[in-house]
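J.: The chain contents come next:
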Amino acid sequence: MIPLQISPFQYVANGVVFSSIIVLAAIGLSLVYSIADFANFAHGDLMTVGAFSALFSVGFLRPMLGDAGVFGLPLWFFLALAFGMGAAAVISVITDRVIYQPVKGSDSIGLLISSIGVALVYRALVFLSFGTEAERYGVPRQGPIPWVRETLGIAVTPRNLVVVTLTIVLVTALHLTLTRTTLGRKMRATADNADLARVSGIRTSEVILAMWLIGGALAAAGGVFLGLEELVRPRMGFDILLIVFAAVILGGIGSVYGAMLGGFVIGMVHELVPLFYQWGISPVGSRYAAAVAFVIMVAILLVRPSGIAGDSG
Amino acid sequence: MNDDAYEGARLDKNDVVLKTTDLEKAFGGLVATDGVSIEVDRGTITGMIGPNGAGKSTLFNLISGFYENDAGHVTVNGEEVTDLEPHERARKGLVRTFQTPRRLEGMSVREAMLVGPGPQKGESIFSLFFSGSDVTEEERANIEQTRELLERFEIGHLIDQPSTDLSGGQMKLVELARAFTTDPDILLLDEPVAGVNPTLANDIKRFIRELNEEGQTFLIIEHDMPFIMDLADPIIVLDQGKVLMEGSPDEVRSDDRVIEAYLGGAGP
Amino acid sequence: MSAVSSWVSETLVRDATERRIFAVLGLITVLLVVGVLTGVIGPRFLLFQIALVGMYALLSLGLNVQWGYAGLINFSVAAFWGIGAYCAALLTAPNSPLGLGLHPVFGFLAAIVVSAFIAVLIGIPTLRLREDYLAIASLGLAEVIRAIILNERRWTAGSSGISGIPNLMSWLPLTDAATTAAIVVFLIAVVYLFLRRVHRSPWGRVLRTIRSDEDLAKALGKNTYLFKMQAFVIGSVIMAIAGAFYAHLNLYIDPSDLVPLTTFYIWIAVILGGTGSNRGAVVGAAVVIAIREGTRFLNDIGFIQTLGIDLAPLRLLFVGGLIILIMRFRQDGLLPPKDELIWPAARDESSTGGASPSGAVPDGGTSSNGGDDR
Chain Y
1 MIPLQISPFQ YVANGVVFSS IIVLAAIGLS LVYSIADFAN FAHGDLMTVG AFSALFSVGF
61 LRPMLGDAGV FGLPLWFFLA LAFGMGAAAV ISVITDRVIY QPVKGSDSIG LLISSIGVAL
121 VYRALVFLSF GTEAERYGVP RQGPIPWVRE TLGIAVTPRN LVVVTLTIVL VTALHLTLTR
181 TTLGRKMRAT ADNADLARVS GIRTSEVILA MWLIGGALAA AGGVFLGLEE LVRPRMGFDI
241 LLIVFAAVIL GGIGSVYGAM LGGFVIGMVH ELVPLFYQWG ISPVGSRYAA AVAFVIMVAI
301 LLVRPSGIAG DSG
Chain U
1 MNDDAYEGAR LDKNDVVLKT TDLEKAFGGL VATDGVSIEV DRGTITGMIG PNGAGKSTLF
61 NLISGFYEND AGHVTVNGEE VTDLEPHERA RKGLVRTFQT PRRLEGMSVR EAMLVGPGPQ
121 KGESIFSLFF SGSDVTEEER ANIEQTRELL ERFEIGHLID QPSTDLSGGQ MKLVELARAF
181 TTDPDILLLD EPVAGVNPTL ANDIKRFIRE LNEEGQTFLI IEHDMPFIMD LADPIIVLDQ
241 GKVLMEGSPD EVRSDDRVIE AYLGGAGP
Chain X
1 MSAVSSWVSE TLVRDATERR IFAVLGLITV LLVVGVLTGV IGPRFLLFQI ALVGMYALLS
61 LGLNVQWGYA GLINFSVAAF WGIGAYCAAL LTAPNSPLGL GLHPVFGFLA AIVVSAFIAV
121 LIGIPTLRLR EDYLAIASLG LAEVIRAIIL NERRWTAGSS GISGIPNLMS WLPLTDAATT
181 AAIVVFLIAV VYLFLRRVHR SPWGRVLRTI RSDEDLAKAL GKNTYLFKMQ AFVIGSVIMA
241 IAGAFYAHLN LYIDPSDLVP LTTFYIWIAV ILGGTGSNRG AVVGAAVVIA IREGTRFLND
301 IGFIQTLGID LAPLRLLFVG GLIILIMRFR QDGLLPPKDE LIWPAARDES STGGASPSGA
361 VPDGGTSSNG GDDR
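Chains as they are written, first to last, in the working numbering: chain Y, 1 to 313; chain U, 1 to 268; chain X, 1 to 374.
It is possible that some hints are incorrect.
To be verified - To give an idea of the interface, some chain U residues facing chain X are shown, with a C-beta separation under 7 Å as derived from the structure:
| id | residue |
| --- | --- |
| 1 | 104 |
| 2 | 118 |
| 3 | 122 |
| 4 | 123 |
| 5 | 139 |
| 6 | 182 |
Unchecked claim - So the derived list for chain X, only partly shown, Cβ under 10 Å to chain U, looks like this:
| id | residue |
| --- | --- |
| 7 | 194 |
| 8 | 218 |
| 9 | 219 |
| 10 | 222 |
| 11 | 223 |
| 12 | 338 |
| 13 | 346 |
Hints are computed from structural coordinates only; laboratory data are not their basis.
Treat the numbers as computed from the prediction; the structure is a model and nothing was measured.
Glycine included, C-beta positions come from ideal geometry on N, C-alpha and C.
Could you build the full structure based on these sequences and the hints that come with them?
T.: See the structure below:
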């Protein structure tokens with residue numbers, strides 16, 4: 001099918017890009033899991049909502065800003081990214097207030113099932129607003145960066161670099177928020193033990209607000225990057241939800257840093273499956289990349305349900 | 001004043017029902033149980049007290065198998081149960097209650113009680129179809145036992161109530177009655193009178209004493225000092241994950257270390 | 001006749017709310033019969049719809065065992081349904097990739113065995129853990145099974161699907177549609193009676209306890225893992241039977257119905273009908289089919305077509321909104337379970353001694369007995 005031997009480094013490069021997206025998504029899912037204590041099945045569709053919100057803003061940003069660019073991408077793209085992140089953050093807070101908080105009993109199972117409903121509503125609204133077709137942001141096509149191609153023999157586009165760089169910036173900002181600010185410390189304390197945090201006088205409502213804002217914004221960033229790398233599709237978020245869950249479980253539910261690590265590993269594995277297949281390590285090819293993530297997840301549940309970063313037991 | 005307890009204890013002075021040896025458990029860096037070795041003699045009501053955070057609940061969870069221990073052993077009737085699952089330990093005669101009983105959604109008190117006896121023939125799908133009459137017979141006996149127990153605990157009138165309608169104290173009584181239907185060698189009660197009004201608390205005390213006189217062994221965590229001091233002997237005092245002392249209520253009351261632990265525990 | 005009506009009032013209708021619900025259902029039935037008699041609705045169409053409702057009812061009964069009895073969150077209903085359908089199609093259709101053309105009995109047997117096996121496989125890693133692990137893993141399982149059916153064309157014919165699946169029992173002196181409807185009624189009756197027996201028993205009681213408080217069940221010596229596994233396998237097998245039946249109903253099968261949305265339709269049927277209630281599962285299934293076919297019907301109306309609205313997203317919106325609303329306002333569903341889970345044979349005898357069943361207590365007692373249905 002592919003005549004030329006693709007360099008193994010190419011798969012690694014693809015893996016880093018895909019990992020960035022999964023890491024961003026996994027952080028939000030993990031935050032909700034640890035602080036609000038439920039598996040949020042609407043998280044994938046929240047990514048979609050973020051990606052389409054950004055697409056919507058492109059409609060007015062692009063005429064305003066023209067084609068001025070930075071880092072090889074037009075300026076409007078960065079503003080659209082910010083718009084999408086903001087929109088998803090606001091939407092997830094509203095969803096929490098209107099739907100999750102009033103759920104009777106608010107136990108983790110009732111919330112989980114409600115989140116399925118939320119996922120379907122999100123997707124339906126995307127369908128109704130943008131139609132069912134796949135879209136593009138309209139960022140001009142760029143070739144691979146020449147010097148990388150010459151030195152390493154792999155194709156890396158400027159937009160790949162932007163995705164990875166911005167992910168590193170966002171993750172670092174989150175790390176600083178969690179470790180250096182009072183709010184961040186409160187969030188970590190609540191994630192560790194919600195009851196204890198409440199008893200010791202932490203206003204959990206403030207923490208929950210921050211959690212939805214941060215989780216929503218990062219999910220949207222992941223969604224926009226996924227849309228930039230591939231296509232902006234109404235099912236894009238739901239389709240990778242399983243992979244994001246696998247990342248969170250691999251990292252250990254409730255551990256934000258575990259989610260980052262898990263996201264990186266799962267993202268890499270997902271992109272390396274074809275390579276493993278070539279080398280005869282994996283029995284299946286890229287069509288089963290999601291299935292491989294699933295198998296890893298089940299293996300983790302069997303061997304170490306608390307994940308690689310969680311407590312033993 | 002603890003004549004009843006002494007009565008029970010005399011039955012079999014050297015017979016140990018439950019024994020833990022150097023039990024250890026840490027959560028992250030926090031050591032919750034730090035080498036606890038205790039023994040509960042058959043026929044006693046053994047109390048367990050200690051300031052908040054002393055590790056009482058963790059110890060209960062380790063003994064009953066809901067937490068896995070990092071080190072140490074648990075034996076019941078001399079038999080090693082350390083590696084057994086909670087339900088397997090229950091089958092060995094080690095049965096516990098919970099501090100805050102969750103309500104059984106949609107179940108009447110009768111149903112809630114009938115879950116207790118076990119293992120029942122009717123819990124096997126095979127029996128439901130191929131030995132229905134055995135199931136019927138067993139179920140009748142269990143219903144009868146349920147009614148008698150509820151009568152005995154003076155809550156016979158509640159048998160048709162949805163268990164979600166019971167007060168906290170009534171639920172505690174149902175729990176005690178249900179735990180008893182499992183025919184346990186030792187009953188671990190986690191704060192049996194927490195949040196229970198004084199009248200009902202007195203009833204619960206009376207019932208525990210009655211069951212004890214018939215030979216039932218208890219290990220009880222309780223924060224209500226007058227209650228536990230009046231009921232239990234010996235009393236084990238835990239502090240900071242360790243056994244601080246063990247002795248009669250009078251010994252515990254007059255022990256300086258215990259007073260200090262409680263005062264110290266109240267401070268920062 | 002009076003025996004029938006007393007059976008109806010004791011086993012089906014328990015209070016005023018339920019009387020209203022069943023009155024509405026009765027009215028719809030009458031309307032349908034009138035429709036057929038006057039020729040507005042073709043009998044063939046109606047019988048097909050009955051068969052479809054029956055299949056959904058089977059799926060709902062299966063999910064009810066898992067979610068309603070034991071509190072297990074299974075998001076791979078569509079996958080187990082697909083396993084059943086593909087077992088039937090692959091073994092019985094002469095032009096399937098396997099080309100065996102076996103008797104339908106083998107299809108049903110294979111559906112049962114394969115679904116039970118896969119249920120155990122997915123149960124082993126998840127059923128010892130918190131409820132949401134099964135939810136996540138089952139969602140994954142559904143995707144994997146769909147990927148396998150789509151990609152392994154040599155074995156499954158991929159997206160082109162399998163046609164030529166034989167009718168069931170074509171030797172019966174009925175039309176094909178009538179035969180199929182009769183078979184699904186029979187299947188539901190068998191499954192319903194089976195579930196009734198196992199549910200109102202010590203077994204069902206342990207599951208209900210696990211659903212409310214698994215730790216309590218463990219503390220009382222119940223091997224909760226084993227009980228959950230049994231419930232999961234039984235539910236999955238029922239779903240696979242529904243799938244096998246569908247293959248013989250539709251005579252064609254492809255992977256397009258294996259999408260998660262199918263699973264969520266069944267979830268709505270169960271939570272709308274009344275989690276844990278077998279009657280509710282059947283009624284819920286009928287309501288869901290009405291929604292599904294009703295919206296499909298709207299699509300055919302010229303006026304709506306001229307508006308240029310695509311109804312698929314609206315249906316999605318409706319399904320999602322319904323889930324949210326039920327969880328918010330009526331978690332008990334239309335017909336919440338009312339039975340005490342006590343072995344009926346033991347109950348009758350002892351009712352004289354005051355331990356009367358909920359159904360036999362005067363009205364005041366019944367309402368206090370059944371839990372809150374308001």
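J.: Checking each numbered hint in turn, tell me which of them this model violates, lowest number first.
T.: Result: no hint breaks.
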